[in-house]
Each structure stands twice: as C-alpha cells, then as structure tokens.
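Engineer: Chain B: place on chain A using the hints.
Top to bottom, those sequences are chains A and B. Residues 1 to 165 (our numbering) make up the first sequence, in order. Residues 166 to 330 (our numbering) make up the second sequence, in order.
Simulated from the structure, these hints should not be mistaken for laboratory data. For every residue, glycine included, the Cβ atom is placed at its ideal position computed from N, Cα and C. Be a bit skeptical, because a hint or two may be false.
As the list claims (entries may be wrong) - Coverage of chain B stretches by chain A, computed from C-beta distances (three or more under 8 Å per stretch; other residues unrestricted):
1) 252 to 266
2) 284 to 293
Claimed, not checked - Capping the alpha-carbon separation at 20 Å, the derived lysine to any residue pairs in SDA-like fashion look like this:
3) A:Lys28 / B:Gly260
4) A:Lys91 / B:Thr224
5) A:Lys28 / B:Pro276
6) A:Lys91 / B:Ser318
7) A:Lys91 / B:Gly260
8) A:Lys28 / A:Pro18
9) A:Lys28 / B:Met290
10) A:Lys91 / B:Asp261
11) A:Lys91 / B:Gly256
12) A:Lys91 / B:Pro276
13) A:Lys91 / B:Thr222
14) A:Lys91 / B:Ala223
15) A:Lys28 / B:Val287
16) A:Lys28 / B:Thr224
17) A:Lys91 / A:Glu69
18) A:Lys91 / B:Ala226
19) A:Lys28 / B:Gly289
20) A:Lys28 / B:Asp288
21) A:Lys91 / B:Cys259
22) A:Lys91 / B:Thr227
23) A:Lys91 / B:Glu262
24) A:Lys28 / B:Gly293
One letter stands for each residue in the lines below.
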Amino acid sequence: MAEIEDGEDIICTCGDLPAVGAPAPDFKLIGANMEPMSRGVFAGQRLVLNIFPSIDTETCAQSVRVFNEFVIGFYATTVLCVSADLPYAAKRFCGEEGIENVYTASTFRSPEFAEDYGVRMMNGPMEGLCARAVVVIDEDGRVVHRELVSPLHAEPDYGAALSAL
Amino acid sequence: MAEIEFRGNTMNTGGNLPSVGAPAPDFSLTGDGLAPVSLGDFAGKRVVLNIFPSIDTATCATSVRTFNERAAGVGDTVVLCVSADLPFAAGRFCGDEGIENVSCASTFRSPEFYDAYGVQIVDGMLAGLCARAVVVIGADGIVAHSELVNPISDEPDYDAALGAL
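Chain A with its partners taken away, still in its complex shape (with noise of 0.2 Å):
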C-alpha cells in the first residue's frame, strides 16, 4: 500500500508497484480497436506503462501527449497507456489528438491489473481508478524504474523515465 498526496487529502493505493529488478506481472487489457494487449503482444520491445485515471482529464492527457512525442527517439520501445477508460474514449483522444507513436490499453474488462500493479485507489473522489504511475519494463520483461506519482495532479517524471530505457 502506498500513500498520494490530493491537496489536505491522502489517497491510498492497494498495493505497491512492482520492484525494479523484479519480473513485471503479465497483463491482459485492451486496446482502442478492441484488440488484446498482453506482454506477450509486445515481446521483444521494452515497454513504457503510462498508467492515469482517465484520459479524459487534463493531467492525464498531457502525460499521452507527451510520451507520444518523446518516443520517436527510442529503439524498440512501445508505450502502452493504462487507464479504466473504455477503448472508444481512447481511440476518440488520439484521432482527435493525431496521437500515433503510443498506444492505450483499457483496464475495463481486466480489474486484476490494478491489483497486480498496486495501482487502484481505495479511496478519494477518484476511488476504483488508476493512481498515476509509470512502469519501463526491459526486453526481458524486467521493470527497470517505476514511480508513483504524488501529489495526484503532478505530471510523471518523464524524464526519469526515458532515462531508465
């Protein structure tokens, strides 16, 4: 369990994020075409989880806006964007957006994702969404840097996180 500041408020998470050294747990989410998006999908490729609430707020937003810039740059690296919005919320962002280089991956279908990553809320206005956090995991499928955003509003550390592939 882990700890978000929200203004006075403290948000608490169920679980904590996988350990960097550590095996990243598996997942089954889905994409904006409705398509499974596992590891096993993306095998070979070192994958950046750009995990938020939801899309559809401007924190959020701007971490796909950001991530969808930066990894033109970096060899076989797929950023995948976890959130509980549903796939057409997601594919609406990124048409509108022109978003193209990063894809979404929608936990609706798939509530143990949350679990695995320690990534739900538990309570606050946003309860039962995805804290924000980022999670690189190596080609072989260890995670080599993880972060826990805090306070709730406060963008990722993208630079940190580029750093770390």
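Structural biologist: Relative to chain A, chain B alone:
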C-alpha cells in the same frame, strides 16, 4: 440470459432485464463530478434508464441526444444514461453537446449493477460492456417497461419507452 446480435454474431447477456410489474432493483452508480447516484435519489419520480455500451459510439450518442430532446417537456421524470464509460467521458460529451435534460451514470465502480439488471455482455467483442436496453421505472418504483435492444446496433424504441410514462 438473453441473446443479442452484433454485426452478424451472437452475443449473450449475463441475465435478464427486470420484469415489468416487478420492483426495480436498487443501484448505486457514479454520476457527474464522481458523485454517487442511486435509485433512491429519485423517490417520487419516474426514471428512464437508457443503458448502452459507450457514449463514444454513434448509436449510444444518438440515444442520449434523443432522450435529451424528448424528455425535456416530460414532468416528474428523470432520464439516466448508464454505461461503463468513465464519468469524465460522459461529462465531456454532455458539455460538448449541450446535453442538459438527462444525467449520466457510470458502472465503473458498481459491477453489481450488471447482475441486478442482467445487462452485462458476457462474450464476444463487447464482453464486459452493457447491452443496449431501456428500463422505465414508475414513481412507485415498479418497472413499467423494458426493452433489450436487438440487434445492438439498433436504436431503442423511444416511443414505447416514453409511452410507458
């Protein structure tokens, strides 16, 4: 359990809609501003549940617009649009479209809604989402009308729903 058609394929729902003449099951969903919404909030009013897969798809969006127009002049009646969309998606849609006569409520925190109303799609491409359905609940809390829309790409029978009021 009921069968519905989607693009020539058959999908199944996890249960059946509540029967006409039976008390409507209570529910607790998440509405605008992430506030809880329950059937009890509307005591003494007639409630139209416009249930669908996602507000970010065309037929669902049309049903929200249509109920928004046609419910405007109907007294003592609330239209609640229910889906697995996050409240942020619904808020964005209603804000962009000037939707003011209906409210939206998300099932994201309330998987028990699916069982209570028998509307979860359990297989196929749309597994985990709500089927398209309309349930009209009288001021006495008794189900006055229900429709499971089949095929799912059809619009609901608005006349039948509003005629039950």
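Engineer: Tell me, which hint numbers fail for this structure?
Structural biologist: Result: hints 3, 12 and 16 break, sorted rising.
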